[in-house]
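J.: From first to last, the protein sequence lines are chains W and U. Residues in the first sequence are numbered consecutively from 1, following my numbering. Residues in the second sequence are numbered consecutively from 1001, following my numbering.
Treat the hints as calculated values from the structure; they're not laboratory data. Cβ coordinates follow ideal geometry from the N, Cα and C atoms, glycine included. Be careful, since some hints might not be right.
If you want a taste of the chain W side facing chain U, the calculated C-beta under 8 Å gives, among others [what the hints assert, rightly or not]:
#1 3
#2 105
#3 107
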Amino acid sequence: MDRNQITKWLKSPAKMANKYSLHVIYFCTGCGIIEIPPVITAKWDAERFGVIPVATPRQANLFLIAGYVSLKTLKAIIRTYEQMPEPKYTVSFGSCPINGGMYWDSYNTIKHLDKFIPVDGWIAGCMPRPEAIFVGITHLWTLIDKEMADGYIRYRKNYAAYRRNQEMLFSNLGWPPLYSIDDEPEGGSQEAGVGK
Amino acid sequence: MSFSLKDNLESTFKDVQVSMPEDTRMAIFVPRETAFAVLRYLSDKGFDHLALVSCVDWQEEGKFEIVYILTSYMRNNTDYIPEQRLHLFLKTRISRKNPELKSVIDVFENAEPYEREIHELFGVHFEGHPRLIPLFLEREYEIPPFRKDFDNRKYVEETFNSIPSVED
Chain W
1 MDRNQITKWL KSPAKMANKY SLHVIYFCTG CGIIEIPPVI TAKWDAERFG VIPVATPRQA
61 NLFLIAGYVS LKTLKAIIRT YEQMPEPKYT VSFGSCPING GMYWDSYNTI KHLDKFIPVD
121 GWIAGCMPRP EAIFVGITHL WTLIDKEMAD GYIRYRKNYA AYRRNQEMLF SNLGWPPLYS
181 IDDEPEGGSQ EAGVGK
Chain U
1001 MSFSLKDNLE STFKDVQVSM PEDTRMAIFV PRETAFAVLR YLSDKGFDHL ALVSCVDWQE
1061 EGKFEIVYIL TSYMRNNTDY IPEQRLHLFL KTRISRKNPE LKSVIDVFEN AEPYEREIHE
1121 LFGVHFEGHP RLIPLFLERE YEIPPFRKDF DNRKYVEETF NSIPSVED
């Protein structure tokens, strides 16, 4: 262990433990999947950074979205994100989730992922090299240290706006709101706060 | 084999144009009324593998062109000669205003998802298809998105770019 970090460990051990054991769930569409296998296997070995892939969103605290996001995918992404336990961080990988990328005029691909779920970090490129994931991870450590990786807090706070944006694309989302949306002008239903 | 097939097709069906762009490739143009019968005939002849059903939008001519690509497996094709392995495509044109065609699921079972896809992306109605429900798309489109008159940029502007950002 780095001696310089001992004070940090003593001050907030939970945060430090959280930071160095990122259990990641990958959401790979299109070319995103090509970069992930070398990252998690022997060649680049993400476990050096404490990043390990897990089977289900319920065990994960880092959500890596790699590749373009189509409408059907977005539905799955929202469901996956809402199932993850807090604290949870989102990193989007590649230029497509940032602004559409090469799908900027596609009829079925969403352009800005941060309109629908909060995103803590972006890794730009088409596609970025696997090393970029590690640069992103170390940046995320800094953000967690400074408590700037607060996507899940913002999601709670602005849930009404996020839910409204989601419902602009899907008229029938198929699941109840995760948090209360009482600050809506038409008044969210009382059972809305129950969530899942 | 290919030349006898050409003669057979031309003598059996009228209005069928058969051409051979290459030695191993055969193009068949049929009117929409006889398309189903020709496909059944080819299936009986040993072309039992439907590789693809596709659609082309000829906007200026007001037509949709449905393309069936067929190949044959050796075991079923008695006339098979390795040097003359045949790649066959069948094209038929249907009206763009009222796009309807008989489904070929009775002959080639694997046409089902292809026809669903064409129905969803081009708006072609296939008579006799058991379930013409959406395959890929989540939203409903006024104009099916693969038609030439579907304006991608306008749609993106109205649908995706009009959604406000949540923060700053």
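J.: I'd like to know which numbered hints this structure contradicts. Please list them from smallest to largest.
T.: 1
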